[in-house]
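Listed below are the residues making up each chain.
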Amino acid sequence: DAGVIQSPRHEVTEMGQEVTLRCKPISGHDYLFWYRQTMMRGLELLIYFNNNVPIDDSGMPEDRFSAKMPNASFSTLKIQPSEPRDSAVYFCASSFLGGGYGYTFGSGTRLTVV
Amino acid sequence: KNEVEQSPQNLTAQEGEFITINCSYSVGISALHWLQQHPGGGIVSLFMLSSGKKKHGRLIATINIQEKHSSLHITASHPRDSAVYICAVYHNTDKLIFGTGTRLQVFP
Numbered sequence: 587d588a589g590v591i592q593s594p595r596h597e598v599t600e601m602g603q604e605v606t607l608r609c610k611p612i613s614g615h616d617y618l619f620w621y622r623q624t625m626m627r628g629l630e631l632l633i634y635f636n637n638n639v640p641i642d643d644s645g646m647p648e649d650r651f652s653a654k655m656p657n658a659s660f661s662t663l664k665i666q667p668s669e670p671r672d673s674a675v676y677f678c679a680s681s682f683l684g685g686g687y688g689y690t691f692g693s694g695t696r697l698t699v700v
Numbered sequence: 058k059n060e061v062e063q064s065p066q067n068l069t070a071q072e073g074e075f076i077t078i079n080c081s082y083s084v085g086i087s088a089l090h091w092l093q094q095h096p097g098g099g100i101v102s103l104f105m106l107s108s109g110k111k112k113h114g115r116l117i118a119t120i121n122i123q124e125k126h127s128s129l130h131i132t133a134s135h136p137r138d139s140a141v142y143i144c145a146v147y148h149n150t151d152k153l154i155f156g157t158g159t160r161l162q163v164f165p
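One line per chain: the protein sequences are A and B, in this order. Each residue of the first sequence is one higher than the one before, counting from 587 in this note's numbering. Each residue of the second sequence is one higher than the one before, counting from 58 in this note's numbering.
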């Protein structure tokens, strides 16, 4: 299995632009999580899905952030418009049975907003 | 106060030393993860445990549910063990609550 696949690995964009991050979870996993990691705040959960349905988006910073999971094999995290404070590493992770079995992180997307 | 506390925050060791990283939590949990993050960013789940002890190679993780405490031990440490080790717990939901991490550097 290729693991959780995220793209792009690096993204540099100008303030105000739309940014879309992509994630392909491990086949068979029914949970998908989006995290953000910064030096100041560490790892923060943004949103998670169970069976493609958003369950908890209380970690999404504001309306500029949105996430979708149109099917079991694909999810996107969109930031529109982007701001310099959004610069961080964004991780996607997936697991099955909810209790964290097979919990696997993607390699992350390093986002820089200038 | 954080719900998940790790100690120490930073740790340096000489190759071959036995290392212990501690994690204390203040909430009821269903399971606990130990994660490893190398410089350059990838995060790997080392262990998930809800009781007792697990061992994988030179790594040992223990948990005491009554005392709300877990430890990660590394025997015969090696420079490639240098990483940030993160404790994370499941509390009543499917969400992980993360500790702030322990940065380990092992020198040859």
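Heads up, a few of these hints could be off.
Pulled a few chain B residues facing chain A out of the computed Cβ check, cut under 8 Å [claimed, not checked]:
{"no.": "1", "residue": "G73"}
{"no.": "2", "residue": "H90"}
{"no.": "3", "residue": "G98"}
{"no.": "4", "residue": "G99"}
{"no.": "5", "residue": "L153"}
{"no.": "6", "residue": "T157"}
Cut-off 30 Å, straight-line C-alpha distance, at most; resulting in silico cross-link-like pairs (DSSO-like, lysine-lysine) [claimed, not checked]:
{"no.": "7", "chain 1": "A", "residue 1": "K654", "chain 2": "A", "residue 2": "K664"}
{"no.": "8", "chain 1": "B", "residue 1": "K152", "chain 2": "B", "residue 2": "K125"}
{"no.": "9", "chain 1": "A", "residue 1": "K654", "chain 2": "B", "residue 2": "K152"}
{"no.": "10", "chain 1": "A", "residue 1": "K610", "chain 2": "B", "residue 2": "K125"}
{"no.": "11", "chain 1": "A", "residue 1": "K664", "chain 2": "B", "residue 2": "K152"}
{"no.": "12", "chain 1": "B", "residue 1": "K152", "chain 2": "B", "residue 2": "K112"}
I should point out that these hints are in silico values taken from the structure, not numbers from a laboratory. Each residue gets a CB set at the ideal place from its N, CA and C atoms; glycine is no exception.
Violations among the numbered hints: Structure breaks hints 1 and 10.
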